[in-house]
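Q: This is what each chain is made of:
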Amino acid sequence: MAEYLRPQSEEEFQRNFKQKKPLMNTTEAFVESSRCLFCYDAPCIKACPTHIDIPLFIKQIHTGNTHGAAETIYDSNWMGNACGKVCPTQVLCEGACVLNHAHVKPIEIGRLQNYATRQAIDTGKVLYQKGPSNGKKVAVIGAGPSGISCACELSALGYDVTIFEANEQPSGLTVYGTAPYKITNEEALSEIEYLQNQLGFEVRYNAAISSAAQIQELESTYDAIFLGVGIGPTSTLGIKGEELAGVIGAVEFIRELRFRKYELQLPRRVIVLGGGNTAMDAASESARMGAEKVYLVYRRSKEDMGAYSFEYDLALSAGVQGIFHASPKEILESDGFVAGVEFVKTIQQDSRLVEVPDSEFVIECDLVIKATGQAKMGSFLGLIEGLSLNESRRIMVNHETYQTSNPRYFAGGDAVNGGAEVVNGAYEGKMAAQGIHHYLTH
Amino acid sequence: MADLSINFAGIKAPNPFWLASAPPTNSGYQIMKAFDAGWGGAVWKTMGVPVINVSSRYGGLNYRDTRMSGFNNIELISDRTLADNLREIEEVKKYFPHHAVIASLMVETRKEWEQIIRDVENAGADGIELNFGCPHGMCERGMGSAVGQEPEVLETIVGWVMAAAKIPVITKLTPNISNIEDPGLAAVKGGTSAISLINTIKSIMGIDLDTFAPYPVVDGKGTNGGYCGPAVKPIAMNMVRQLAQHPQISGTPISAIGGIETWRDVVEYILLGATSVQVCTSVMHYGFGIVREMERGLRRFMDERGYQTIYDFTGKALPNILEWKELNLSYKVVASINPDKCIGCQLCYIACEDGAHQAIGLSSDPTNRIPDIIEENCVGCNLCSLVCPVEACITMEKQPAKAAPVTWEELTEAGEIPNSFNDPRAGGNGHYVPEPAEALRKKG
Chain A
606 MAEYLRPQSE EEFQRNFKQK KPLMNTTEAF VESSRCLFCY DAPCIKACPT HIDIPLFIKQ
666 IHTGNTHGAA ETIYDSNWMG NACGKVCPTQ VLCEGACVLN HAHVKPIEIG RLQNYATRQA
726 IDTGKVLYQK GPSNGKKVAV IGAGPSGISC ACELSALGYD VTIFEANEQP SGLTVYGTAP
786 YKITNEEALS EIEYLQNQLG FEVRYNAAIS SAAQIQELES TYDAIFLGVG IGPTSTLGIK
846 GEELAGVIGA VEFIRELRFR KYELQLPRRV IVLGGGNTAM DAASESARMG AEKVYLVYRR
906 SKEDMGAYSF EYDLALSAGV QGIFHASPKE ILESDGFVAG VEFVKTIQQD SRLVEVPDSE
966 FVIECDLVIK ATGQAKMGSF LGLIEGLSLN ESRRIMVNHE TYQTSNPRYF AGGDAVNGGA
1026 EVVNGAYEGK MAAQGIHHYL TH
Chain B
1028 MADLSINFAG IKAPNPFWLA SAPPTNSGYQ IMKAFDAGWG GAVWKTMGVP VINVSSRYGG
1088 LNYRDTRMSG FNNIELISDR TLADNLREIE EVKKYFPHHA VIASLMVETR KEWEQIIRDV
1148 ENAGADGIEL NFGCPHGMCE RGMGSAVGQE PEVLETIVGW VMAAAKIPVI TKLTPNISNI
1208 EDPGLAAVKG GTSAISLINT IKSIMGIDLD TFAPYPVVDG KGTNGGYCGP AVKPIAMNMV
1268 RQLAQHPQIS GTPISAIGGI ETWRDVVEYI LLGATSVQVC TSVMHYGFGI VREMERGLRR
1328 FMDERGYQTI YDFTGKALPN ILEWKELNLS YKVVASINPD KCIGCQLCYI ACEDGAHQAI
1388 GLSSDPTNRI PDIIEENCVG CNLCSLVCPV EACITMEKQP AKAAPVTWEE LTEAGEIPNS
1448 FNDPRAGGNG HYVPEPAEAL RKKG
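Chains A and B, in that order, are what the protein sequence lines are.
According to this note's numbering, the first sequence is numbered sequentially starting from 606.
According to this note's numbering, the second sequence is numbered sequentially starting from 1028.
Since the hints were made in silico from the structure, they are not lab data.
Please note that the accuracy of each hint is not assured.
Stated by the list, open to error - DSS-like mimics (lysine-lysine), calculated; alpha carbons at most 30 Å apart, straight line:
1. A:K787 / A:K664
2. A:K898 / A:K787
3. B:K1425 / A:K664
4. B:K1039 / B:K1248
5. B:K1260 / A:K651
6. A:K664 / B:K1260
7. A:K907 / A:K626
8. B:K1368 / A:K710
9. B:K1138 / B:K1260
10. A:K651 / A:K787
11. B:K1343 / B:K1425
12. B:K1248 / B:K1260
Computed from a prediction, not measured in an experiment: that's the story for all the values here.
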C-alpha cells in the first residue's frame, strides 16, 4: 500500500510534497540562532563551498539585523535562498557543526539562511546595485545557478551582462531538476527576480545558442562569454525497448512534475533505474505522486550508490523499495507500452561487476524512469573554437579563474563539474566572474 | 529527615522560602495560593499611604533565548487601601496560622509609623519589614532608598519602629550605596531584630531604538527602575556575606534576597549566612510552583549531608571568603582539555588568544581541531574552562606547589613586593608575551 494518495488538487500536491525545510517563524529563528556557539575558524564556513560567514549571519539574525544577515549571505553566494533550501546541508555546513560531536542537534543553518534571505526577497530590500558602467559587455549562456551568479557578480562590478537562456524562465535545475519538496518554483524564481531588480542584468528567454553563426555574433558583440550551459538530457542505456511509451529520463520526469504538478498522472507501478541523488528524487517523487509500487533498482550495492544516504532514507520513508545488484537487460513491451523490465543479477568480482548467468528476472511496471546520468552538451561546445573538453566531455577550466582554453570563454556549473549541487554552480559562476574581471582589466 | 522549619528573629515559619514584598504578595488571594503551593512565608506588598501606579511597569533583560535573566520595575508600593490589606492579612492568618506573614511598611512621619505598626499587629502580622530600599518613585518623596541611603536617618526611624513594635522587625536595605556595612550597622544600632537585603538596584533596562525611549516605556518616556532577577545574584551574595562577616552585624539574622530561583541559590545564600530567603522575580516568571523544586533540592542536599536543620550549615562558606591579600600566591592551576570530550569549537583558543594569555595553541594539522594547552604560558585564569560549551571538558588541574604558601600580606611584611614601576619582582616577569608585530604576521 502506498504511503501517499494520488494528489488530485494543488493543495493535495503541496501536502504530498511538503517542504523539507519550511520557512522558520520569528520565534524559531530567534531560539535556533541563540544556540550557535560562534566557533573560532568555524568548520561550517569551511564546509560551505561558497564560504559564507555563517556564525556572523546567525548572530545578525539573533540581534534583529535580518537584512544584514541576508547581505552577509549574498556577499558570498548569490543563490543564498535557493542554497538554504536545496543544499545537502547534512553533509555540508550542518554536517560540520561542532555540536554534532556533542550529540547535540546541529544548528539548522539552511533554514536560518532561508529565513534571512526570504525576508530580504519578500520585502524587496535593496542590498546591491549595478556598479558604475565600465563599458564592457559579457554574454552569459544559461540562466542556471552558475550563470545567474556570474551575471550578478559582473553587474555589481559594472559590466553590462546579457544572459541567453534556452528555456522560457530562469533558474536552471534549481527549478527544473530539484525535488518539489526542497524548493517551490515560486521561491526559486523570486530570488532571481529580486537579484535582477537590483543588479539590472538582461535575460533573453527562449534564446538557445546552438549555431556557429550565433556564436560568431556573440563573439563580435561581447568582450567575454560565460558558459553556464549545464548538462544535456538523460543519456540512453542502449538496451532494447528504451523508445517505448512509458520510458522517460529522470530529468525530463522531474521537469514535467514541477510544471504539471497534480495534473501529471502517474501509473500504478514505477521502476526507477539508477543510484544517484536524481534517482532518489525521482523515486521519492513517484511515491509522493501516489504510485502504488515504486522500485528503485541499482546495478551495484546499496553502499556503492552515489546518492547521499539521507536521500535514500527519504525515498524509503516515502514507500520506495530498493533492489540492488540488478542490471536492466531489456524493457518489455505490451501493445507499444512498457510492461516491465527484465533484469539480470550482478555480483562484484574484485573491482568488476559481472552478471550472474541464468539469473534473469522480470519486474512488471507501467513506467520506467531512467536516472542513469545525463548526456553532455558536446555538440554545441564543439562549435567553439579552441575549447578543450576532458575525456568525460566536461569543459576544462583553470580552477582559480574558471577560464577555458579559449581565453575569451569562461565556464562553471554542471558543464564543468559534471553535475553537482546548486551551491557549486553558484560558487563557480561567481569565481568565473572574478576571472572575467581580471581578464578584462589586466 | 531534614527539618526545614525556621525561627527567624522570633518569626516562625515551616520553611525558609519566603515571598519578597512585591507584586506576588499584592493580595491575600496570592499569598494563600503561595502558602498552599509550599511557601513558608510572605512579606506583604509594602503598605503605606496608597499610591497611583503607571501603566507599563516592568522591563526584562534577555540573554540569547533566556528571558528575564534580569528584570526591573517602576511599580510603587501597594495601591490598595490599608483597610483592604489589613482585612486580608487577618484572613490569611486564619487559614495559615503557622506560616509567616510579614507586613512590609513605608510611611513618613513617626506618627504614621506608630499608627501603621499598631494596625498590622492588630491584623495578626508575625513581623514587620521596613522598606528602606525602593529606588524609584518613593525615594523622590523622601522614603524608600532615600532613607536606606542615609544611615543616620535609617537608624532614627528604626529606633521609632522598635519603640512602637511588639513583633519582630526586619530592616530591608538598599544596595544603592557605596558600602552596605554603613546602613547595616545603622540598622543594628537602631535595634532592628533582623536585616533583609538586597532591594532592587537603580537601572535602565534598555532603549527603544526607534523611539529612543527607555524601557519600560510610559507614553514615550521612562524612568530608572529597580533591577533584580538572576543577574543581580552575585552582587546580592557579596552584600549578604559582608554583613554576615561584620563583627557587629553578624549576630543579626539575615533574610537574603536577589536572583533566587533554584535550591542551589537557596543553599548558597544559607552558606553565606542567611537564615531565610525571599523570592520575587522567579515567581513572577514561573509562578508559585517553582518552590517545589527548591524544597526538594534543599531537602535532598540536607539529607545527603546529614544536616538536621538549616542552622547546621548556615554561614559555612564565610570562613573561606577572605581578603585578596590573604590568598595563597603559590597556588597554581593549569588548564587541561579532555580530547575525548572536545568538540572542536576552538572558543577556548580564541578566548585565551585574544582575551587572556596566549596559552592555547592549535594543531598544524587542519583536520585536528582540538587545541593544546601551552602549560608554561597558562596562568590558570579559568577563562577557557568558562567559555567551553561542553560539560567538564576543560578542567583546571592543581599543580604541585613550587614554593611554600605565601600571601601578598606576608610578602608586604617581608618587603618582597614590587615597589617601583620596573621592579624585577613583577609577577609577569619571565612570562611569555608575543611581540606586538606578531599580531599582524599571524593573520591569514
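Q: Just to be careful, I want the Cα atoms of K1368 of chain B and K710 of chain A compared with a cutoff of 30 Å; is the pair within it?
A: holds, 16 Å
Q: Within a Cα-Cα threshold of 30 Å, do K1343 of chain B and K1425 of chain B meet the stated pairing?
A: At roughly 24 Å apart (the allowed maximum being 30 Å), K1425 of chain B and K1343 of chain B satisfy the hint.
Q: Could you grab the alpha-carbon distance between K651 of chain A and K787 of chain A and see if it respects the 30 Å cut-off?
A: holds, 23 Å
Q: Does the alpha-carbon distance linking K1425 of chain B and K664 of chain A stay inside the 30 Å limit?
A: violated, 37 Å
Q: So if I understand the rule, the pair passes when the alpha-carbon distance is 30 Å or less; does K1138 of chain B with K1260 of chain B pass?
A: Given that 30 Å is the threshold and the Cα spacing comes to 36 Å, the pair is violated.
Q: Verify the proposed pairing of K787 of chain A with K664 of chain A, using a straight-line Cα cut of 30 Å.
A: holds, 25 Å
Q: Given the hint that K1260 of chain B pairs with K651 of chain A, test it: the Cα-Cα distance must not exceed 30 Å.
A: violated, 41 Å
Q: Could you grab the alpha-carbon distance between K664 of chain A and K1260 of chain B and see if it respects the 30 Å cut-off?
A: holds, 27 Å
Q: Decide if the proposed pair is consistent with the structure: K898 of chain A and K787 of chain A, CA atoms, cutoff 30 Å inclusive.
A: holds, 23 Å
Q: Going straight from one Cα to the other, do K1248 of chain B and K1260 of chain B come out at no more than 30 Å?
A: Measuring from Cα to Cα gives roughly 29 Å; hence the hint holds.
Q: Against the 30 Å threshold, does the CA-CA distance of K1039 of chain B and K1248 of chain B hold or violate the hint?
A: violated, 44 Å
Q: Does K907 of chain A pair with K626 of chain A here, judged by a C-alpha cut-off of 30 Å?
A: With Cα atoms ~26 Å apart, K907 of chain A and K626 of chain A stay inside 30 Å; holds.
Violation of the numbered hints given earlier is confined to hints 3, 4, 5, 9; the remaining hints are satisfied by the structure.
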